[in-house]
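Construct all of the structure, not just a fragment, from the sequences and the given hints.
Be aware that the sequence shown starts at 4, since it is given in our numbering, and climbs by one per residue.
There could be a bad hint or two in this list.
Unchecked claim - Simulated restraints, written as ranges between beta carbons of each label pair:
| id | residue 1 | residue 2 | range |
| --- | --- | --- | --- |
| 1 | Gly-47 | Arg-68 | 33 to 43 Å |
| 2 | Asp-61 | Ala-21 | 31 to 41 Å |
| 3 | Ala-8 | Arg-48 | 13 to 23 Å |
| 4 | Pro-59 | Lys-7 | 32 to 42 Å |
| 5 | His-50 | Gly-24 | 35 to 45 Å |
| 6 | Thr-55 | Ile-14 | 28 to 38 Å |
| 7 | Arg-12 | Thr-55 | 12 to 22 Å |
| 8 | Asp-49 | Gly-24 | 34 to 44 Å |
Everything labelled a hint here was simulated from the structure, so no lab data went into it. Even glycine gets a Cβ: it sits at the ideal position worked out from N, Cα and C.
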Amino acid sequence: MTTKALFGRYIKELTAVAQQGDAREESYYSSLSSMLESLAGDTGRDHVRVTTLPKPTDAGNPDFRIWD
Numbered sequence: 004m005t006t007k008a009l010f011g012r013y014i015k016e017l018t019a020v021a022q023q024g025d026a027r028e029e030s031y032y033s034s035l036s037s038m039l040e041s042l043a044g045d046t047g048r049d050h051v052r053v054t055t056l057p058k059p060t061d062a063g064n065p066d067f068r069i070w071d
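Given below as structure tokens:
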């Protein structure tokens with residue numbers, strides 16, 4: 004998939020979530036996670052994984068963790 008198509012799909016997913024009218028910040032996380040993993044795969048980084056809302060770390064409470 005081209006980068007343009009990938010980001011186009013991401014924007015469409017964000018728009019669909021927003022149009023529901025009841026979205027919170029976390030409602031958009033699955034779209035971002037999916038886009039990041041697709042981008043990684045499209046650039047030959049099939050081993051990259053995204054964890055949404057991982058356990059807290061010494062540095063705080065991250066929203067995402069990207070595993071390489």
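Results of checking the hints against the structure:
The supplied range of 33 to 43 Å is broken by Gly-47 and Arg-68, whose beta-carbon atoms lie about 21 Å from each other. Between Asp-61 and Ala-21 the C-beta distance comes to about 34 Å, which sits within the given range of 31 to 41 Å. With their beta carbons about 18 Å apart, Ala-8 and Arg-48 fall inside the hinted range of 13 to 23 Å. At roughly 36 Å, the beta-carbon separation of Pro-59 and Lys-7 lies within the given 32 to 42 Å, and the hint holds.
Distance hint check for His-50 and Gly-24: the Cβ-Cβ separation is about 38 Å, which falls inside the suggested range of 35 to 45 Å. Taken as a hint, the range 28 to 38 Å is violated for the pair Thr-55 and Ile-14, whose Cβ atoms sit roughly 19 Å apart. Remark: the range hint 12 to 22 Å for Arg-12 to Thr-55 is upheld by a beta-carbon distance near 18 Å. At roughly 36 Å, the beta carbons of Asp-49 and Gly-24 sit within the given window of 34 to 44 Å.
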